[in-house]
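Since the structure of chain A is already known, use the hints to place chain B on it.
Top to bottom, those sequences are chains A and B.
Residue numbers for the first sequence follow my numbering, beginning at 1 and rising by one.
Residue numbers for the second sequence follow my numbering, beginning at 1 and rising by one.
Hint data in this document are derived by calculation from the structure and do not stem from the laboratory.
Keep in mind that the hints are not guaranteed to be accurate.
One copy or two, either will do: identical chains are not told apart, so a pair holds if it fits within one copy or between any two.
Claimed, not checked - Here are the simulated DSS-like cross-link-like pairs (lysine-lysine), alpha carbons at most 25 Å apart as the crow flies:
hint, residue 1, residue 2
1, K66, K45
2, K102, K26
3, K102, K45
4, K45, K93
5, K19, K45
6, K45, K99
7, K26, K99
8, K45, K26
Owing to the predicted nature of the structure, the values given are computational and were not obtained by experimental measurement.
Below are the chains, spelled out letter by letter.
2 protein chains.
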Amino acid sequence: MVQVNDIEWSTTEKELARKAFDQAYKREINALIETVREQASTITKLDEIWQLHDFLSARRHQIDGKYDYRYSVLIFVFAQLVREGWLHIEDLKGLEVDKIAKVSALTRM
Amino acid sequence: MVQVNDIEWSTTEKELARKAFDQAYKREINALIETVREQASTITKLDEIWQLHDFLSARRHQIDGKYDYRYSVLIFVFAQLVREGWLHIEDLKGLEVDKIAKVSALTRM
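Bound conformation, chain A alone (with noise of 0.2 Å):
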């Protein structure tokens, strides 16, 4: 079991864990910008009308939950925005060897 509760963070760190944060956050809504405006601009029937508003519930419904920036979790919501390719281990360049180490291992489980 990783032991994520009791890591410390640096003002540093702080800094560095908050721009990773938003970039990754940044990256993951522009790409559903995207994709939303794709999908409506093929949308010819209202089943697709509904597939859309379906898909956006879903979404809606994970990036409320996954964004959240508390440091108790943040190694966790790291991980899985890597292993999701919004959030790259080199974004995380600065933090101290055994965060990034511990936010790798987690992605591979």
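Chain B only, in chain A's frame:
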């Protein structure tokens, strides 16, 4: 109070009513598709994605509830569709004069 529960529909009227109903539905759906495509094409922010989602949630609920093809409620449905502009009184031409009068009276309520 307009009495509509015991209205009889002839076979010809049923065919005509179905056609008018489907036409209104088609008009509303096409307008919705157009709106969604337009709205989506201008999206640049996450807020606007969730606005689209809220809009679709509301429209889905309205449309699901509104297009109720039961002869016991059809006069009310037609009145609402006329009020909203998806159906024109002329689309009902061929129904008994009394039915058209009822729809017409209800649209003014």
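Hint check results:
1. K66 x K45: Between copies only: 18 Å across chains, 32 Å inside a chain, cut-off 25 Å.
2. K102 x K26: within (23 Å within a copy, 55 Å between copies)
3. K102 x K45: Classified as neither; 47 Å inside a copy, 33 Å across copies.
4. K45 x K93: neither (47 Å within a copy, 28 Å between copies)
5. K19 x K45: between (41 Å within a copy, 19 Å between copies)
6. K45 x K99: neither (49 Å within a copy, 32 Å between copies)
7. K26 x K99: within (22 Å within a copy, 57 Å between copies)
8. K45 x K26: between (31 Å within a copy, 10 Å between copies)
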